[in-house]
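Number of protein chains: 2
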Amino acid sequence: MTVNRRFLLMRRPHGMPVPEDFRLAEAAVPAPPPGGFVLRNCYASLDPAQRGWMDDGPSYMPPIALGDPIRATCVGVVHASDNPDFAQGDWVMGLNALEDYSAMVPGGFTMKLDVSQVESPSRFLSAMGAVGLTGYFGLLEVAKPRAGEVLLVSGAAGAVGSVVGQIGRIAGCRTIGIAGGAEKCRRLIADYGFDAAIDYKGKTQAALAAEIGRLAPGGVDILFENVGGVVMDASLLNLARKARIVLCGLIAEYNLPEKVGIRNLWSVLVQEATIFGFLIMNFAPRFAEAAPIMAEWMAAGRLRIDEDVQHGLENAYPAFMRLFSGANTGKLVLKIADGR
Amino acid sequence: MTVNRRFLLMRRPHGMPVPEDFRLAEAAVPAPPPGGFVLRNCYASLDPAQRGWMDDGPSYMPPIALGDPIRATCVGVVHASDNPDFAQGDWVMGLNALEDYSAMVPGGFTMKLDVSQVESPSRFLSAMGAVGLTGYFGLLEVAKPRAGEVLLVSGAAGAVGSVVGQIGRIAGCRTIGIAGGAEKCRRLIADYGFDAAIDYKGKTQAALAAEIGRLAPGGVDILFENVGGVVMDASLLNLARKARIVLCGLIAEYNLPEKVGIRNLWSVLVQEATIFGFLIMNFAPRFAEAAPIMAEWMAAGRLRIDEDVQHGLENAYPAFMRLFSGANTGKLVLKIADGR
Chain A
506 MTVNRRFLLM RRPHGMPVPE DFRLAEAAVP APPPGGFVLR NCYASLDPAQ
556 RGWMDDGPSY MPPIALGDPI RATCVGVVHA SDNPDFAQGD WVMGLNALED
606 YSAMVPGGFT MKLDVSQVES PSRFLSAMGA VGLTGYFGLL EVAKPRAGEV
656 LLVSGAAGAV GSVVGQIGRI AGCRTIGIAG GAEKCRRLIA DYGFDAAIDY
706 KGKTQAALAA EIGRLAPGGV DILFENVGGV VMDASLLNLA RKARIVLCGL
756 IAEYNLPEKV GIRNLWSVLV QEATIFGFLI MNFAPRFAEA APIMAEWMAA
806 GRLRIDEDVQ HGLENAYPAF MRLFSGANTG KLVLKIADGR
Chain B
506 MTVNRRFLLM RRPHGMPVPE DFRLAEAAVP APPPGGFVLR NCYASLDPAQ
556 RGWMDDGPSY MPPIALGDPI RATCVGVVHA SDNPDFAQGD WVMGLNALED
606 YSAMVPGGFT MKLDVSQVES PSRFLSAMGA VGLTGYFGLL EVAKPRAGEV
656 LLVSGAAGAV GSVVGQIGRI AGCRTIGIAG GAEKCRRLIA DYGFDAAIDY
706 KGKTQAALAA EIGRLAPGGV DILFENVGGV VMDASLLNLA RKARIVLCGL
756 IAEYNLPEKV GIRNLWSVLV QEATIFGFLI MNFAPRFAEA APIMAEWMAA
806 GRLRIDEDVQ HGLENAYPAF MRLFSGANTG KLVLKIADGR
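Going line by line, the protein sequences match chains A and B.
Residue 514 in the working numbering sits at position 9 of the first sequence, and the numbers go up by one each step.
Residue 710 in the working numbering sits at position 205 of the second sequence, and the numbers go up by one each step.
Rather than coming from a laboratory, the hints here were simulated on the basis of the structure.
Worth double-checking, as some hints may not be accurate.
Where chains are identical, the list cannot tell them apart; a pair therefore holds if satisfied intra-copy or between any two copies.
What the hints assert, rightly or not - No farther apart than 25 Å at their CA atoms in a straight line, the calculated lysine to aspartate or glutamate pairs in the DMTMM-like style are these:
(1) Lys706 with Asp619
(2) Lys617 with Asp700
(3) Lys747 with Glu646
(4) Lys747 with Asp560
(5) Lys649 with Glu777
(6) Lys708 with Asp561
(7) Lys747 with Glu794
(8) Lys747 with Asp561
(9) Lys617 with Asp813
(10) Lys764 with Glu801
(11) Lys617 with Asp704
(12) Lys706 with Asp813
(13) Lys649 with Glu801
Given the sequences, and given the hints that come with them, work out the whole structure.
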């Protein structure tokens with residue numbers, strides 16, 4: 506392959522992204538920068554956070570510049586190198602972009618991978634990557650669950666949510682998952698071991714709140730929030746005293762030009778609850794301590810992380826949109842090339 | 506006086522309370538219950554929390570029953586007693602109601618007062634009461650300010666807000682207050698020592714956010730939130746990383762039948778901020794440790810707590826409404842009787 510296909514951001518989406526916001530362009534394969542290397546990206550992570558990076562607002566990362574490729578965590582194989590530590594054929598993970606080849610320098614999130622220990626290199630984007638570890642650190646280090654507590658997870662069939670529920674169960678919590686549709690709710694219990702599942706589709710805030718209340722009559726001790734909107738407002742009406750809320754995502758809001766807003770913050774006040782804004786990036790130095798624990802749970806059949814692998818840079822747009830249509834279950838990954 | 510006038514809740518307000526929601530009725534003066542006493546209520550605290558108690562929703566206290574008098578923290582003088590520890594003429598504080606006489610039993614929030622140490626017994630409803638100590642514990646124990654941090658206070662000219670700003674200054678913070686109107690903003694700086702004041706009146710969220718940003722270009726480390734609504738949303742756009750938000754009140758929302766909602770919670774996420782729902786009640790066992798410190802600050806001229814004293818049970822409705830019209834500055838108190 507002699508061209509570098511790149512999936513570019515051409516304009517900032519207004520609400521839900523449309524195909525015209527992007528363009529698949531061709532460029533020359535870059536040369537290794539001094540002391541760096543070029544990675545053949547094989548798998549790219551597709552995450553709700555990328556939608557935020559497309560907006561021109563303040564965030565924990567600069568917005569993607571117009572004309573630049575969509576920023577993405579990728580795993581791939583070194584294609585050409587000016588650095589003996591990163592030899593041709595080595596597997597590497599880094600914050601690259603939706604493109605065939607990325608010029609990289611060591612540092613930041615860049616790290617070499619031992620792919621011999623996993624069935625697919627994509628595992629470093631799911632279980633052993635930010636998503637799996639978001640569940641691990643967000644639940645265990647931020648919410649600090651105690652056995653017997655009630656854990657409510659929104660977006661529970663998603664990549665992060667399904668991990669949170671399973672680790673919550675390992676921690677001895679009673680776990681309730683909220684997801685959209687009967688099939689996802691079936692999987693919450695059958696595949697991810699939730700004690701109860703709630704289908705939010707077609708329900709008002711009052712109906713949702715009542716359903717949560719029936720399943721958690723003593724209130725919710727930990728709310729792991731991935732969704733926002735009506736689902737979060739219904740959950741807030743069921744907080745136990747001193748509840749902890751891990752604010753991990755607000756996917757219901759990301760594509761709304763006019764945000765809906767959270768109306769039940771008063772419940773946080775009267776229940777003396779705490780909301781923790783949570784980003785996984787700052788736990789990166791501790792990933793190495795968590796990965797073997799996650800691997801052990803997976804080997805023992807206590808933790809299952811599904812991947813939804815879509816194929817081809819040319820499918821980047823429809824693949825990305827699976828995050829918002831409710832189509833995907835498990836960690837969404839775009840396979841760009843084989844690598845091995 | 507042989508009758509007991511009582512300010513009753515006759516129906517639950519829909520949005521802003523109207524006079525027809527209440528009735529001033531007359532009843533017989535109660536007899537002391539066994540082991541208890543009857544208090545002649547002299548001063549009653551008027552607080553935004555009372556608006557919440559008028560609603561029929563879940564809260565940290567049961568709603569006021571229809572036909573019951575409006576629950577209120579009161580200080581008064583023992584009128585008749587069946588308990589030697591509470592002798593006729595003793596000053597007592599308790600969670601009573603807007604009425605001339607309340608039958609009380611020891612326990613709960615009931616405590617005897619030494620009024621010789623204060624210029625007016627109403628001080629136990631302001632500086633030495635829940636309001637002053639809300640500022641003390643909310644700022645010092647929940648937000649834990651460090652010298653040099655930026656403290657933003659909404660409702661800054663109110664009873665709690667003005668205390669928070671002054672204690673923040675004592676703690677070495679740079680203090681910015683938000684209030685409604687030029688006169689209140691003048692007082693923030695002249696009377697309460699804020700470093701800067703912002704008048705929110707007539708401003709959009711974007712304009713308010715820009716004004717906060719100019720005054721706190723490095724972001725707000727501590728947001729002491731008394732208001733909610735647009736003011737809170739504008740503040741959330743200016744959080745520093747790891748900001749702490751003390752959620753103490755949401756007065757902008759209390760009278761809205763349809764809550765507006767907070768749209769910028771995403772900023773809590775990306776800044777890894779924390780929102781602490783805060784009630785003063787659970788710090789009640791520690792009031793005795795804070796009161797002498799507050800007294801010392803007041804004596805040294807470092808802390809000023811204004812009282813807005815309204816007069817007469819017959820004025821309970823217009824007095825209470827001063828909380829929402831923006832008319833009151835300082836702690837709103839209803840004087841029911843002289844007592845001394």
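### Task
First find the shortest C-alpha distance between Lys649 and Glu777 inside one copy, then the shortest across copies, and answer within, between, both or neither for a cut-off of 25 Å.
The answer is both: 17 Å in one copy and 17 Å across copies each meet 25 Å.
### Query
Taking 25 Å as the upper bound on the Cα-Cα distance, should Lys764 and Glu801 be classified as within, between, both, or neither?
neither (41 Å within a copy, 47 Å between copies)
### Message
Within, between, both or neither: how does the pair Lys649, Glu801 come out at a Cα-Cα threshold of 25 Å?
### Response
within (20 Å within a copy, 40 Å between copies)
### Query
From the Cα coordinates, with 25 Å as the cut-off, is the pair Lys706 and Asp813 best called within, between, both, or neither?
Classified as within: same-chain Cα gap 22 Å, cross-chain 50 Å, threshold 25 Å.
### Message
Please sort Lys706 with Asp619 into within, between, both or neither, judging by C-alpha distance up to 25 Å.
### Response
Neither, since 42 Å and 59 Å both go past 25 Å.
### Message
When Cα atoms must be at most 25 Å apart, do Lys747 and Asp560 count as within-copy, between-copy, both, or neither?
### Response
between (34 Å within a copy, 22 Å between copies)
### Message
As a check of your reading, is Lys708 near Asp561 (CA-CA no more than 25 Å) within one copy, between copies, both or neither?
### Response
between (33 Å within a copy, 23 Å between copies)
### Task
At 25 Å max between alpha carbons, let me know whether Lys617 reaches Asp700 within a copy, between copies, both or neither.
neither (38 Å within a copy, 51 Å between copies)
### Message
Within a copy, between copies, both or neither: which one fits Lys747 and Glu794 at a CA-CA cutoff of 25 Å?
### Response
Intra 29 Å, inter 24 Å, cutoff 25 Å: inter-copy only.
### Identical-chain pair category, Lys747 with Glu646, by Cα at 25 Å
both (17 Å within a copy, 16 Å between copies)
#### Entry: Intra- versus inter-subunit Cα pairing at 25 Å for Lys617 with Asp704
This pair counts as neither: shortest intra-copy Cα distance 41 Å, inter-copy 54 Å.
### Message
Reference check for the pair Lys747 and Asp561, CA-CA at most 25 Å: within, between, both, or neither?
### Response
This pair counts as between: shortest inter-copy Cα distance 22 Å, intra-copy 36 Å.
Hints 1, 2, 10 and 11, counting from the list given before, are not met by this structure.
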